[in-house]
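Colleague: Could you put the whole structure together from the sequences, leaning on the hints where they help?
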Amino acid sequence: MTSALNPKYSFDTFVVGAANRLAVTAGRTVAENPGTAYNPLFIYSGSGLGKTHLLMAVGHAAKQTAAALGIEYLTLDEWVEAFHAAIAAGQGDAFRRRFQNVDVLLVDDVQFLTNRKEMQSELLRLTEALQTAGRQIVLTSDRPPSQIADLDERLISRLSGGLVVDIGVPDYETRVAILRRKSEERGVRFEPGVLETVAGAEFANVRELMGALNRLVAFQAVNEASVNAESAKRILGLSAAAAPVAAAAASAGLGPDEFGAFLADVTVTVGKAVEAWRARVTEAMLRWEGEGYRTQRLEALLKQEAPAAVDEAIAQFGQDVERLKALESEVAQFDPEAAGHSVFRDPERVGEAEQAAAKVREGVAPPPGPSGAFPLVAFAVGPSNHVAVSAARAVLERPGKKYNPLVLVGKSGLGKTHLLNAIGLELAHGRGAVVACLSTQAFTDELIAAIEGNRVDWWRARYRRATALLLDDIHLIAGKERTQEELFNLFNLLQDKDRQLVFTAPTPPNTLAGIEERIASRLEGGLVAELQDPDRDVKRTVLERLLTLQSISAEPALIDYLADRHADSVRGLVAVVQRVVSAAAAQDVPVTAGLAREVLEGQAPREARRGAGLRTSGLVVSSLGGIKSREKMVWDWTDPTDRVIEEFR
Amino acid sequence: MSLVNFTTREITCKIVYYGPGRSGKTTNLHYIYGRVPDTRRGRMVSLATQTDRTLFFDFLPIDLGQISGFTTRFQLYTVPGQVYYNATRRLVLQGADGVVFVADSQARQLDENLESLQNLQSNLLEHGVDIRTVPLVMQYNKQDLPRELILSGADLDDALNFRGVPSFSADALHGQGVFETLKGISELVLKKLAAGSAV
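From first to last, the protein sequence lines stand for chains A and B.
To convert, note that position 492 of the first sequence is 492 in my numbering; the numbers rise steadily by one, no gaps.
To convert, note that position 198 of the second sequence is 847 in my numbering; the numbers rise steadily by one, no gaps.
Bear in mind the hints are in silico, worked out from the structure with no lab data behind them.
Mixed in with the good hints there might be a few duds.
Under the rule of at most 30 Å between Cα atoms (straight-line distance), these lysine-lysine pairs were calculated in the DSSO-like manner [said to hold, decoys possible]:
(1) Lys303(A) - Lys840(B)
(2) Lys480(A) - Lys359(A)
(3) Lys841(B) - Lys303(A)
(4) Lys841(B) - Lys411(A)
Modeller: Below, the structure written as C-alpha cells:
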C-alpha cells in the first residue's frame with residue numbers, strides 16, 4: 001500500500017532553476033533537519049512541475065542523512081485506502097500508531113482531501129501527533145491549503161503553519177538544462193539547437209516538455225535521419241518562429257561530438273532494424289506514458305524475447321486508452337473528481353473503469369426539479385412581498401451572481417414555495433440548466449436512501465451537477481447532522497461555481513434552532529427577503545384569479561369585502577373563498593358579498609384548527625416528530641376543489 | 650560468438666580491424682579511444698613492440714549503454730599486420746562479427762593490401778567462415794598524403810573492393826573517416842544481427 005521511493009527521483013536529478021529554488025532549498029533543509037526546520041512543509045504547484053520528484057528527493061536525502069530514519073512516502077489516495085482497510089479489519093489504532101511512528105512522512109496529492117471529512121480530521125490528528133513528537137511531515141498539492149475545497153479550517157491553519165512553498169513553471173534556461181539531462185539519461189544525442197528549440201516552445205509543464213522530448217527520441221529511433229532544429233519544430237508542430245539563437249550558442253562548444261553522433265546512429269540502427277518491434281513498443285510506451293497512462297502491459301511485452309502479434313497488442317493498447325479517454329471525459333462531465341481516479345489511467349483496468357463510469361452514469365438522473373404548478377406569472381405581487389419578488393427577479397437576471405444564496409422568509413401560506421418553484425422554473429429555461437428544486441425533507445430522505453444503498457457518491461454527484469439548488473423549508477434540516485454536513489459541502493461547491501442557491505424558511509436563518517452555525521451564517525450571507533402578510537393588492541389578485549378559475553363572475557363588492565377582511569396568509573384567504581363558494585353551491589344561490597358576509601360572520605370564527613405542531617408550507621410536523629408528508633401532496637394539487645377537500649378534512 | 654544474449658539482455662559486437670602492417674589500424678582505435686567519454690570506454694590494451702608495431706593485438710571495449718533495453722557493447726580489435734604474425738591474426742579473427750579492412754592508400758602498398766585481403770579470406774575460411782557472409786567494410790586510409798603518392802578511393806575500389814562492400818576514404822591520424830567507418834561496419838553487423846534474430 002505504501003509506494004517505494006523511486007530511486008530516479010533524487011535531488012541529484014532535480015534540475016534547479018529560479019522557479020523552484022525556494023522549494024528545493026526548503027526540501028533540502030527539511031531533509032537535513034527533519035522535524036525541526038519547517039514542519040509541516042507544504043509544496044504546491046501545477047501538474048507536472050516536479051512535486052512528486054521533490055517529495056521523493058526529500059525522502060532520499062533524509063535517508064542519506066540518517067539511515068535509521070523511518071521514511072514513508074504515499075499518496076493521499078493510498079493513505080485513505082490504507083485507512084479504510086485498517087478500519088475494515090478493526091485495526092484503526094494500529095494504523096494510527098504506524099503513521100505516528102514514521103520519522104519523515106511524505107504525502108502526495110493532498111488536494112484529494114476535498115469532501116473527505118473523516119480523512120481530514122484523521123490527517124489533522126496525525127499532523128498534530130507528528131509535530132508534537134518532532135517528526136517531519138511533508139505534503140504536496142496542486143494548490144495551497146487555503147484553496148483546497150471544503151478543507152477544515154483547523155487543518156488549513158495547521159498545514160499553513162510550517163512553510164508553504166510553490167514550484168513555478170521553469171524558465172528557458174532551466175528547460176534547456178532539463179532536456180539536456182533527460183536526453184543524456186536516455187543516451188540519446190540530438191543535433192545542436194534541437195533541445196534549445198524544444199525549450200523555446202511554450203509547454204505548460206515539465207511533463208509536457210518530456211512528452212515533446214519523447215516524441216523526438218521516438219522519431220529519431222524510427223527514422224533514418226537524425227532530428228535537427230528544423231525538423232524538431234515540424235515534429236512538435238511548433239511555429240517556425242523563434243529559437244535559432246540557441247543553435248549558434250550550442251555549436252560554439254567543443255566541436256562535433258563524433259562519438260555521440262555514432263551512438264545516435266547505432267541507436268537508430270538497433271531501434272529500426274535490429275528489433276523493429278521493440279522500437280515500436282517503446283515508441284508506443286513513450287507516447288502513452290507522456291499522456292499519463294500506465295504502460296505495464298507494453299513493458300511486459302518488452303521483457304519477452306519474441307512476443308507474437310506485437311502490432312495487435314499495441315493497437316489493442318491504443319484502443320483501451322481511447323476507451324479510457326472516452327469514459328474519463330464522460331465521467332468528468334458529471335463528477336470531475338471521479339474522473340481523476342487512477343483507473344482511468346490504467347488500460348489494465350478498463351473493466352473497472354467501465355464499472356466506475358456505469359456507477360457515475362446511474363447518478364446522472366437529474367435531481368428533482370421545480371413543480372410546473374407554480375409559474376412566476378401566477379404569483380400575486382403586492383407591497384407585502386415586493387422585496388422578495390424583486391430579489392427573485394434580480395436572481396433570475398444574474399443567477400448566482402447577485403444574491404447568492406437567496407433566503408425567502410415568511411410565515412406559512414404566504415407563497416414561499418410558490419416563489420421558490422417559480423424561480424426554479426425560470427432558471428430551468430436556461431441552456432444546460434439542471435435545477436434541483438425540492439423540499440428539504442425530500443433532500444434528507446434521498447440522502448438516507450443513498451446511505452442505505454451505499455450510493456452517497458452518486459447522490460453527491462447528482463447534486464453537484466446542479467446549476468441551481470432550491471430547497472424548500474430549510475429549517476427542517478435542524479438536528480440532521482449528516483444532511484447539514486452534505487449541504488454545507490454542496491453549498492460551498494455550488495457557490496464557488498456561481499450557481500444560484502435559494503432557500504425558504506419560516507424565520508430568518510440565524511433564529512432557526514438546531515442548525516449549525518456555519519450553515520446559518522452562510523444562509524445569512526446572501527439576501528434574506530421577507531414575505532409579509534398579504535396586502536390588499538395581493539389579496540385582490542388572488543381572489544380575482546381564484547374566482548375566475550371557478551367561472552364565478554364576482555361582483556366588485558364581494559372582492560372588496562373579501563380583500564378588506566384580515567387574512568394572515570394567502571392560503572387562509574383561499575380557504576375562506578372556498579367556504580363561501582361551497583356554501584353558495586349548497587344553497588344554490590349566486591356568490592355575493594352578502595352571502596359571504598353571512599357565511600363568514602354568522603359563524604364563530606374558525607381559529608387555528610391545526611393546533612399544536614410546527615406548521616410549515618404544506619408539511620405538518622406533529623409534536624411526535626412524524627411527518628405527514630402526504631399533506632404536502634395535497635397542497636401540490638392545483639385544482640381548487642381538491643384544496644377544499646383538504647380544508648374540510 | 651553469441652551476439653545478442655536475450656537472457657542477460659546484452660548485445661556484444663566484436664569488430665576486427667584487419668589490414669597490412671602500418672596501414673593505420675591502431676591509429677583508428679586510438680582516435681576512437683580519444684573521442685569516447687571516459688565513462689564509456691574500457692582500458693585500451695595495446696601490446697606493441699619496441700618499434701611501436703602491434704605485436705599481438707589492440708583491444709578497445711566501448712560501452713554504448715542501453716539500446717532498446719539491451720546493454721550494448723562494442724569490442725574493437727586490431728590484428729598485427731606483419732605477415733609473420735598470422736597465427737595471432739587467426740586467433741583474433743575468431744568470432745568476429747564484423748571486419749574493417751584498413752587498406753594503405755599509397756600506390757606502392759597495393760600489393761600488400763591485396764596480400765592481406767587474401768590472407769583475411771583464408772583465415773576466415775580456416776574458421777569455416779565464408780568472407781561473403783561476414784559484414785565487411787573497406788577503409789582507404791592515408792588519403793591525406795600527396796596525390797601523387799596515393800590511389801584515389803575509386804581506384805582502390807576497383808583494385809580491392811571486388812565484392813562491392815561499403816568503402817570509406819580516411820585519414821585516421823586526424824580522424825577523417827574513422828567514425829564513418831565504424832558507423833558503416835556497425836550498421837552491417839547490427840543488420841545481420843537483426844536478420845539472425847528475427848523469429
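Colleague: Each hint: holds or not?
Modeller: Tested hints:
1. For the hint pairing lysine 303(A) with lysine 840(B), the CA-to-CA distance comes to about 21 Å; that is within 30 Å, so the pair holds.
2. Of the supplied pair hints, the one linking lysine 480(A) and lysine 359(A) holds, its CA atoms being roughly 27 Å apart against a limit of 30 Å.
3. With a CA separation close to 22 Å, the supplied pair lysine 841(B) and lysine 303(A) stays within the 30 Å bound.
4. Of the pairs offered as hints, the one joining lysine 841(B) and lysine 411(A) is violated, with about 93 Å between alpha carbons and a cut-off of 30 Å exceeded.
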